[in-house]
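With the hints as extra help, turn the sequences into a complete structure.
Those sequence lines, one after another, are chains B and E. Per the numbering used here, the first sequence starts with residue 765, numbered consecutively. Per the numbering used here, the second sequence starts with residue 765, numbered consecutively.
Worth flagging that the hints you see were computed from the coordinates, not collected in a lab. Possibly wrong hints are sitting among the right ones.
Intra- or inter-copy, both count: the list cannot distinguish identical chains.
[Said to hold, decoys possible] Below, in silico cross-link-like pairs of lysine-lysine (DSBU-like), each with a Cα-Cα straight-line distance of 35 Å or less:
1. Lys-911 to Lys-786
2. Lys-1080 to Lys-911
3. Lys-801 to Lys-1080
4. Lys-1080 to Lys-1173
5. Lys-911 to Lys-801
6. Lys-1173 to Lys-786
7. Lys-1173 to Lys-801
8. Lys-786 to Lys-1080
9. Lys-926 to Lys-1080
10. Lys-1080 to Lys-905
11. Lys-1216 to Lys-801
12. Lys-926 to Lys-786
13. Lys-926 to Lys-1173
14. Lys-1216 to Lys-1080
15. Lys-786 to Lys-801
16. Lys-1216 to Lys-926
Just so we're clear, the structure is a prediction, and the values are computed from it rather than from any experiment.
There are 2 protein chains.
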Amino acid sequence: MSSVAAIDYAHEHHARFLEELKALLRIPSVSTLPEHKPDMERAASWLAARLADLGIEAETISGNGHPLVYGEWLHATGAPTILIYGHYDVQPTDPVELWETPPFQPTVRNGNIYARGASDDKGQTMTFLYAAESLLQAEGKLPLNLKFLLEGEEECGSGHLKEYIAGNGERLRADVVQIADSHMFAPGVPTLETGLRGVVYTEVHAVGAAHDLHSGLYGGVAPNPLNALGHIIAELKDIYGHVTIPGFYQDVRMPDEGILHSWRDLPFDAETFRAQEVGSSELVGEPEFTPLERIWARPTLDVHGIVGGFTGHGAKTVIPGQAAAKISMRIVPNQRADQIFELFHNRVLDLAPPGVRLEVQLLHGDDPVLVPVDSAYVQIACQTLQQTFGGSVVLGRSGGSIPVVGVFKELLGLNSILMGWGLPDDNLHAPNEKFMLDNFYNGIDATIRFWKEVGRLGRPAGRME
Amino acid sequence: MSSVAAIDYAHEHHARFLEELKALLRIPSVSTLPEHKPDMERAASWLAARLADLGIEAETISGNGHPLVYGEWLHATGAPTILIYGHYDVQPTDPVELWETPPFQPTVRNGNIYARGASDDKGQTMTFLYAAESLLQAEGKLPLNLKFLLEGEEECGSGHLKEYIAGNGERLRADVVQIADSHMFAPGVPTLETGLRGVVYTEVHAVGAAHDLHSGLYGGVAPNPLNALGHIIAELKDIYGHVTIPGFYQDVRMPDEGILHSWRDLPFDAETFRAQEVGSSELVGEPEFTPLERIWARPTLDVHGIVGGFTGHGAKTVIPGQAAAKISMRIVPNQRADQIFELFHNRVLDLAPPGVRLEVQLLHGDDPVLVPVDSAYVQIACQTLQQTFGGSVVLGRSGGSIPVVGVFKELLGLNSILMGWGLPDDNLHAPNEKFMLDNFYNGIDATIRFWKEVGRLGRPAGRME
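What follows is the structure, given as structure tokens:
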């Protein structure tokens, strides 16, 4: 027995929570595949019905894309309001032959539940519903106001969600956003994500001759867009990992020494990480920073693909008329996507070799995110994580982007609390995705504790700044 | 009436020659498409039968690939022997919708015959047969010995031919090879190709991580093979067209000043060439050489394609585990393919950035060819070209390779006379391939004159050195 009735309730209902999660995981809600459109609607209706069962007013909202699920419980007068975000869509299952058990037949093995979406993000999303159920059943009410916004297009660009947020600022008014779509640093190491890198994804188009040419008959006089792109790529980043675009690092603000120090104490072994996760002969990148600093707090630049010419088997002596390179930059506080794109764009144009015309296109840009760690919400999150998992809480970051965090900030002015229950080896987007049952259950407990403490804040402690 | 009976005969039979050429052009002998295998056999039999009709002993030789046609007339005791090379296979016709008349329905328009293979190489090959017919009919014999070796795999690597040449050195013994598979510098400008660039075609494989990685979660520490290839490409050639591989130019022997001078007098307008053939904003390459020198007498390096990562529409944030670049060098006398590959290979390995393992593969290499211009055969060729076309003869070169020329040199020790009757705008390998009828008929005349003069050389003036 804990000292919290809602947590006792949750513990008594683990078996049912697991069975219900399995039911959701059986719905193959793959948002990118048109044949799963009915499954998307089924998953959305299932979630709306579950919310309604709990006594949370809920609806599915259809639009151009897959439905949104919206729910609200707003009876905690004077208490803060949290906007919960999650997603019920999942990645495709290819290569399906590598799954040990079928992706939509959830199976428990070794304390994990295996299924597509187990960790990303159905399992994590359901912790919110079970925390709410436990509080409502054990205490008759929630200690704070909740708004649920669950989408079905996270794996395909969140187009519908962004549109809905932009048009429903009043309805979505809240003090803070809470998201469980990330992972803990390691099993038993509770983690609060306090920063996300942004991204600036570009395509550089190079045009030389009016059409493809034979390299024997024209080699030596015809401009070659592929050679041009090689030249440009080499001039954007040195082989030691430094981006060489003038002004690129100008606005980079490194974390305080205290935070950097705490990262050095984390149970992170670079050699194990190299061997088990990356599998390269060495870890590369700016030698003056540690690997974690390079991923969490340093910007970088990567080429993702080069289009053009001949890429089949064997030899073809073509000088392509055109070629293009997909190049992205990961950016960190306080870099801004629009400014970095401008610097990139200008530098690339400056690098144009003779005879080659360049165009630089921005495919998408997301600003980096920094959670204000001195906020009361962060302090409460740390406290409840520690109560639930023991040990000290990692104020970590992620090298990746969660674009919706930037959308909430930009359109609603809201910061996000990123407490996630996944693990680095959960096989997101890969075969044999799993979710650790202990994390599922502890995630519910931690959420209950978090909400109870936040409820005590009262308004106008209010909005997280 | 000319002063040569065989030429008079040829002129009287132009109409029939054209009808016969059309019959050969109607056979869709596309060597790379398996469904045309019966057409390949039909074309080979047609040629063997035509040779036999003339009184030339001929056979088709079947093996692993498409048949060879071999024929010989060896009754000119004491006279030199020419080994004639040609090919009866043609390129595919895609995109077929761009043809004004169907590719295998030969059509005469504006003094040209339009059909796939008209210029490359059926029309040019047939000039040899009609020159032989004219001499045999008008004079009862040939002035020299001829061996015909016509292949059906020129457009797909000449595998069968090389094997046959390697195994039949005695049968193929000759003094010189003659090939009509090239083009005149311009209409009315007779041209002897006196040099061909060689080629060294490579693939550079770069391996970083053990598998593809997400650029958010690993960008900054994972080696990126595409960035690595960009760096390597940039370090192999500067943007002004100079190859920067140490030692690369060491063996380059530029043509004599007299030859370079003659090139400067050619009716070549760089601006027209840029606008009409290349279509780029400028011609690029080593500024200290003229465009013709860059193509004919200078080595160069081009990237043909880069494999790996994501090249579809839109954005995918992948750091590929592996990537590869197809890179070739055109080489000139006295560079050698094996030595240049060695220099390239060593340089690329030296350029490996941290964390990236490189492998360099040679896909194929052909040495450059230089025709000994002081040979009596060249002098006769020039003389007969001038008699036939008027004007002065261009001792030009080609930036491309004709690999079989190197094969004849390597396996049989034979030099080649490269008198061709095509034109630069004949649309080889493209829709609306054509062959100018005047060149077809003049090619026959020039060949008759050439053979008569060569016949007078007698052996042991013999082998062209």
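- Same-copy or cross-copy closeness of Lys-911 to Lys-786 [CA-CA at most 35 Å]: within (24 Å within a copy, 80 Å between copies)
- Please work out whether the CA atoms of Lys-926 and Lys-786 approach to 35 Å or closer within one copy, between two copies, in both situations, or in neither? within (29 Å within a copy, 65 Å between copies)
- Message: If the cut is 35 Å between Cα atoms, do Lys-1173 and Lys-801 qualify within a copy, between copies, both or neither?
- Response: Answer is within: at 30 Å inside a copy they meet the 35 Å cutoff, but 66 Å across does not.
- Query: How do Lys-911 and Lys-801 come out at 35 Å by Cα distance, when the copy is not named: within, between, both, or neither?
  - Reply: within (25 Å within a copy, 70 Å between copies)
- Checking Lys-1080 and Lys-911: alpha-carbon separation at most 35 Å within a copy, between copies, both or neither? Classified as between: cross-chain Cα gap 32 Å, same-chain 59 Å, threshold 35 Å.
- Task: Check Lys-1216 against Lys-926 for me: Cα-Cα at most 35 Å, and say if that holds within a copy, between copies, both or neither.
- Result: within (30 Å within a copy, 84 Å between copies)
- Please work out whether the CA atoms of Lys-1080 and Lys-905 approach to 35 Å or closer within one copy, between two copies, in both situations, or in neither? neither (71 Å within a copy, 44 Å between copies)
- Item | Intra/inter-copy verdict for Lys-786 and Lys-801 if alpha-carbon distance must be at most 35 Å | This pair counts as within: shortest intra-copy Cα distance 20 Å, inter-copy 58 Å.
- Query: Quick one: Lys-1173 to Lys-786, C-alpha cut-off 35 Å, is that within a copy, between copies, both, or neither?
  - Reply: Only inside one copy: Lys-1173 and Lys-786 sit 33 Å apart there, 73 Å across copies, limit 35 Å.
- Message: For Lys-801 and Lys-1080, with the copy left unspecified, which applies at a CA distance of at most 35 Å: within, between, both, or neither?
- Response: Classified as between: cross-chain Cα gap 23 Å, same-chain 43 Å, threshold 35 Å.
- Task: With 35 Å as the alpha-carbon cut-off, assign the pair Lys-926 and Lys-1173 to within, between, both or neither.
- Result: within (12 Å within a copy, 69 Å between copies)
- Within a copy, between copies, both or neither: where do Lys-1216 and Lys-801 come within 35 Å Cα-Cα? neither (38 Å within a copy, 80 Å between copies)
In summary, the numbered hints that this structure violates are 10, 11, 14.
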